[in-house]
Amino acid sequence: MPASIHEQPPADDRRWKIIDQAMQRHDYHPDALIETLHAAQDAFGYLDAETMTYISSKLKTPPARVFGVATFYNHFSLKPKGVHTLAVCTGTACHVKGNDRILAWMRDHYGLVPGETTPDNQLSLVEVRCVGACALAPVIVPDGNIVGKKRLEEATTIIKEWLSDVA
Amino acid sequence: MWREELNRCADERRQYLDGFTHRILVCAGLGCPGNEEIIAALQRVIAEKGLGDRVLVRKVGCMGLCALGPVVLIQPGEISYQTVRPEDAGEIIACLGQEPVRRLLLPPDLPFFARQHKNVLALSGRIDPDSIDDYLAVGGYSAALTAINEMRPSDIIRCLQESGLRGRGGAGYPTGLKWSTVAKAAGNKKYLVCNADEGDPGAFMDRSVLESTPHAVLEGMVIAAYAVGANTGYIYVRAEYPLAVQRLKRAIREAERLHLLGHAICGSNFDLSIQIRLGAGAFVCGEETALIESIEGRRGIPRPRPPYPAEKGLWGYSTLINNVETYANVPKIIERGPQWFAALGTDKSKGTKVFALTGKINHAGLIEVPMGMSLREIVFDIGGGIPGGHAFKAIQTGGPSGGCIPAAHLDTPVSYESLSALGSIMGSGGMIVIDETSSMIDIVQYFMQFSMDESCGKCVPCRVGTAQIHRLLSTFQEAKATEADLAQLEMLCDLVKNASLCGLGQSAPNPVLSTLRYFRQEYLDRIAVPAPVQEDEQ
Chain A
1 MPASIHEQPP ADDRRWKIID QAMQRHDYHP DALIETLHAA QDAFGYLDAE TMTYISSKLK
61 TPPARVFGVA TFYNHFSLKP KGVHTLAVCT GTACHVKGND RILAWMRDHY GLVPGETTPD
121 NQLSLVEVRC VGACALAPVI VPDGNIVGKK RLEEATTIIK EWLSDVA
Chain B
1 MWREELNRCA DERRQYLDGF THRILVCAGL GCPGNEEIIA ALQRVIAEKG LGDRVLVRKV
61 GCMGLCALGP VVLIQPGEIS YQTVRPEDAG EIIACLGQEP VRRLLLPPDL PFFARQHKNV
121 LALSGRIDPD SIDDYLAVGG YSAALTAINE MRPSDIIRCL QESGLRGRGG AGYPTGLKWS
181 TVAKAAGNKK YLVCNADEGD PGAFMDRSVL ESTPHAVLEG MVIAAYAVGA NTGYIYVRAE
241 YPLAVQRLKR AIREAERLHL LGHAICGSNF DLSIQIRLGA GAFVCGEETA LIESIEGRRG
301 IPRPRPPYPA EKGLWGYSTL INNVETYANV PKIIERGPQW FAALGTDKSK GTKVFALTGK
361 INHAGLIEVP MGMSLREIVF DIGGGIPGGH AFKAIQTGGP SGGCIPAAHL DTPVSYESLS
421 ALGSIMGSGG MIVIDETSSM IDIVQYFMQF SMDESCGKCV PCRVGTAQIH RLLSTFQEAK
481 ATEADLAQLE MLCDLVKNAS LCGLGQSAPN PVLSTLRYFR QEYLDRIAVP APVQEDEQ
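Taken in sequence, the protein lines are chains A and B.
With our numbering applied, the first sequence has no gaps in its numbers, which climb one by one up to 167 at the end.
With our numbering applied, the second sequence has no gaps in its numbers, which climb one by one up to 538 at the end.
Quick caveat, the hints were computed from the structure, so don't treat them as lab data.
Do not rely on the hints blindly, as some may be mistaken.
Below, in silico cross-link-like pairs of lysine-lysine (DSS-like), each with a Cα-Cα straight-line distance of 25 Å or less [unchecked claim]:
1. B:Lys118 x B:Lys189
2. A:Lys17 x B:Lys249
3. A:Lys149 x B:Lys348
4. B:Lys118 x B:Lys458
Sample of chain A residues with no beta-carbon within 12 Å of chain B, all distances over it, derived [stated by the list, open to error]:
5. Thr53
6. Lys79
7. Lys81
8. Gly98
9. Thr118
10. Leu152
11. Thr156
12. Val166
With the C-beta cut set under 8 Å, the calculated list includes, among others, these residues of chain A facing chain B [claimed, not checked]:
13. Gly68
14. Phe72
15. Val96
16. Val126
17. Val128
18. Ala133
19. Ala135
The beta carbon of each residue, even a glycine, is placed where N, CA and C say it ideally should be.
Can you make the complete structure from the sequences, with help from the hints?
This is how it looks when you write it as structure tokens:
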């Protein structure tokens, strides 16, 4: 495959600039791969084949390595996320305080298991291995806001209210 | 000249702060959600009452007692308020200089505060993490200046060796010895790395230190880099800690602005640039060689050791890797001398240690105690015991790499040696209290699931072994296990522990082994079919 296949970004989208800047900051060195993937995920919300191919050619890194890194780390997602995201912390303190019951409740009520998104693309459920707010266990994180120290009934009420508010 | 300039910044800041009759410090850590609303509410009341020139509201780092947060501290007087809500702002302001608000008051003699010995956390919850002037005002960076201007690298290393400081990431390797290995390593190019990839679920010491006193970590890194001769440093921090990353970035920018980082630090001929590298959610990257792979932009797969990173680390160059808390200990050791540090703690474990005390405990939060304090004092005095009238069952230390310590050993003093003698480890400092309502098999299976998911897959004992141990644990979980399963479980634990390449695999069986040792009955109770032939001696 010629290295110059994607000299230009795949589309005239300002978000590609952010990715280009990340690579430029590291002088397009292959070591910048993880930093670049972070920038790409921040810009697009996930990493698709087109993005990874572009990064691969710009950093002169085999596509297999880009894919390997993107799939090795939990933080990178190859699927688009829903409009809203509920993160459930499953760190040890949250586990001891019963966060598995919140995951079970999400499965029963929304048919979601961690890593999946509802068919209408409104809600993604993710499992986080410890956000570090263990004294607030059990912790749930609707759209980035930490909510802690809630019993199961309180937590599910909060989730329901949050979803009806943002809908 | 630089010292005068910094002293001037510090003096100005002190004068500014002293100009207020009252200062209201609000914890702005991750563990106190809603602090922004509280700060806004307080500022609104102050503006309404026209007290702007007499009362100052400041955001500060973590005060430790996260279970009763958000916590607000009034100075002077050291009055602490618990579980403050924005609605309380009016009352708090009205009571300034008078009787404190009784219903919010935290008792000043609470053992949670009284029994701690704060060293790394001394400034946490006292200064604004986003203000370098605040850090300078309490004497920050003076240890770095002393080190660079008045000490030889070998003096610093000797100082660290005499202090007895050991790595706070968990393994407890003597810090001074590590520094001297890197200092002696051949080659002019060396790297410095701060391991802030706190992947242990249930631990948040590093997050809190980075969020509360980022400059203390940077100062420790400056001293370390000068001592070993490194000019480039990396802080490898979890992407799951956005607030810590944001505060660190700001701290680096501010330190560069005052020439405390960058080219020719404070007029010396010593350069150090520090960059942040974001982790991406891989527990194994806390292992130093996997971390190096990750900084180099690859999958976090450990390399065999030796060669250790001190000889061959980043890009093949000698690299010093220390944990956040280790670096944060350094400025005080330089400032107060190695004897001061060595006088704290036990014979072989010196100083103080920060722990994240969580789980089934009343006063969950971040604590710092001298090494050698008993687990009982930590759980029942500082932690305030178990809520809901339940009984203590075990304390889990060291996360997925550690073990569960039962009530019978609660009087054990905390040190690297004593915890490992009990089949657990000091680890980075996570302590999760488990009460009698939890099944140990469930806890152990939780950890094994974690280790299995996080195994990088490079070596077979870890990749296959953790999965098989997890499968065996499931049979116990479902009470369908046999005697043969128990024997196989023990055999596999031994195999994974001894045959894995890196610390992840070598320590993954620890939760199983420690519970087999102290809670064996729970395993035996779940064996469905008794062994038909042989007599079991136990």
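Going down the list of hints, with the structure as the test:
| no. | hint | result |
| --- | --- | --- |
| 1 | B:Lys118 x B:Lys189 | violated, 36 Å |
| 2 | A:Lys17 x B:Lys249 | holds, 22 Å |
| 3 | A:Lys149 x B:Lys348 | violated, 38 Å |
| 4 | B:Lys118 x B:Lys458 | violated, 41 Å |
| 5 | Thr53 | holds, 17 Å |
| 6 | Lys79 | holds, 15 Å |
| 7 | Lys81 | holds, 15 Å |
| 8 | Gly98 | violated, 10 Å |
| 9 | Thr118 | holds, 23 Å |
| 10 | Leu152 | holds, 15 Å |
| 11 | Thr156 | holds, 19 Å |
| 12 | Val166 | holds, 18 Å |
| 13 | Gly68 | holds, 6 Å |
| 14 | Phe72 | holds, 4 Å |
| 15 | Val96 | holds, 5 Å |
| 16 | Val126 | violated, 10 Å |
| 17 | Val128 | holds, 6 Å |
| 18 | Ala133 | holds, 5 Å |
| 19 | Ala135 | holds, 3 Å |
Checked against the numbered hints listed earlier, the structure breaks hints 1, 3, 4, 8 and 16; every other hint is satisfied.
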